[in-house]
Amino acid sequence: MYSRTYRRLVSVPPILWVALFLLFPYALMFAHGFWSVRDGAIVHSWNFANYATLLQNPLYWQVLLRTARIALSVTLLSILLGYPLAYFLSFHGGPRKELLYQLVIVPLWVSYLVRGYAWKTILGSEGVLNGFLHYLHITREPLPALLYSPFAVVIMLTHIYTPFVFLPIYASLEHIPRPLIEASHDLGASARTTFLRIILPLSLPGLLAGATFAFVLSLGDFLAPLLVGGPSGTMIANIVQSLFGAAYDWPLGAAISVCILLFTLAILSFSERLEKRWSFE
Amino acid sequence: MTTASSIPDRAAPDRTLLELRAVGKRFGAREVLKTVSLEIASGEFLTLLGESGSGKTTLLRLIAGFEQPTAGEIWMHGTRLDALPPYRRRVNTVFQHYALFPHLKVRENIAYGLEAAGTPKAEIAVRVREALAMVRMQEYAAAKPAKLSGGQQQRVALARALVNRPELLLLDEPLSALDANLRKQMQSELKSLQREVGITFLFVTHDQEEAMALSDRIALLRNGTLEQVASPREIYARPATAYTARFIGQTNLLEARVETGVATGLDFSFPCALSDGPALFSLRPEAISLIDDTRQPANPIRFSANVREQTYSGATELLELQTANGAILRARVPSTGPLSGTHSFVFCADDAIPVRE
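Chains as they are written, first to last, in this note's numbering: chain A, 1 to 281; chain B, 282 to 638.
Partial pick of chain B residues on the chain A-facing surface, computed with a CB cut under 8 angstroms:
1. F347
2. F382
3. H384
Hint data in this document are derived by calculation from the structure and do not stem from the laboratory. Positions of the beta carbon are idealized from the N, C-alpha and C atoms, including for glycine.
Produce the entire structure from the sequences given, and follow the hints as far as they go.
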């Protein structure tokens, strides 16, 4: 249908794009991981010293573990908030379904930074939440742990990623043919049994996609810990950022990035395989 | 099914199973059903027949419990059915597109209702096996529904409903998604299955031929009201209204005026038992024959007409006739070979059935 020249020509931009903005940077990062820094300059001598440091220094392990813990908490909380919301909207949204759907999506259009600063004013020691608790005489002194803690990071990231979890779950619930629900009731199953045996299994692919979103995006986040995390809420991306910035240790930063990248890819491929097993079309 | 003990008693055919008492349903301002009253006998195969929008599917959904009536009551065996949620009714449904659970195997689909009822595991296994055998799907027990053809999915849907031994099985246009040949085959399977299990079938269709072939009785719905409820033979031979006569089979509608026992139309006069006034008669095409046929009816009404068109369909052919006064009539006669010009025809006055508008 199309000429050979045409087909060759249209394939140039994507190939160029992938090579220039994906393969080349990744290769560069990968290479940096095997180099080192001496007297403020990068030395191109190939060795495994950076990876050895990562294995031996418990600091990196602790931060990585905390990062995974935060990402996991965010994922679970986002599901706990997003699934019931999606369920309610899909099955009991009524005539206002579209409007409610838009309302859930709207926060996605608000700048990440604005939301971060909003949480600062809410969680701060002079903030809205502490003021409110004080007003109700629940607390006498402002709670210091609200801001600049892993807790604050989890709260902020949950707020940001719940719509990402909500969306695929909502889509998978909307895809369930309603006669299946009626058939389940018709066969004598209660609402609870119907949910557990029909609705939940059929929405698992969406649930999995949402969970993967929330986990992977939280795992690499560095703005939330920067804004509301404080020293105790530092995550692995902050370490990478400081290694590439103030510490000027690009090779070690690159080595950590490679580890995170591999970890993320492993999660993605695992999730994809599960999703394939759970989809029924 | 192999266990005779499970089959409801078929010996008492007159026992009323389901009773609709002036049931009505409106969706907002739209009245879909208007005071429908109907009794369904135990063991009966009753078909709700009607055009799309006539309310037949709504009526089925009211009985299944997916919708609530806005007027009237539904009773089954002396209990008020419309007060119960769907999962408490001893009614099962075969859905239009089967609604098999895509993530469950055929076996698990069929076991679903028994598991929901808390049936012991050993009994579930036996009954699922029986149900699979009943619809001849044993070898597909471990397959997922997506791997099955339309006809096979249909059988699984039937087995999934019947395994629960409902008192009433609702079937919502279950054959409409199948191609013509398969539909014919499934029709006869359905009929013999119903005889075998003796469960009352309430069948919804818009296909009058299907309704005729399957039913003990047909309930014809029109715009949310029952037009006529009768056996297929009765409803065909004695349609109560012009709508019924036209909807079930083909017919000629003759307008006439009755005076002292004689109906006089444009082209014919014939005796009838109606009181004086305007009247409408239904005359089936096959009631009209060519004069030179050997068959000579009693009370013959003769007329001549011009053969305008002839459609051959094997054993019979359909003629479109124009009478001297310009009226168009259709006649179905045994195949005679090509006809043209004016011929003489005859019908029996008793075959002109008076119908309401």
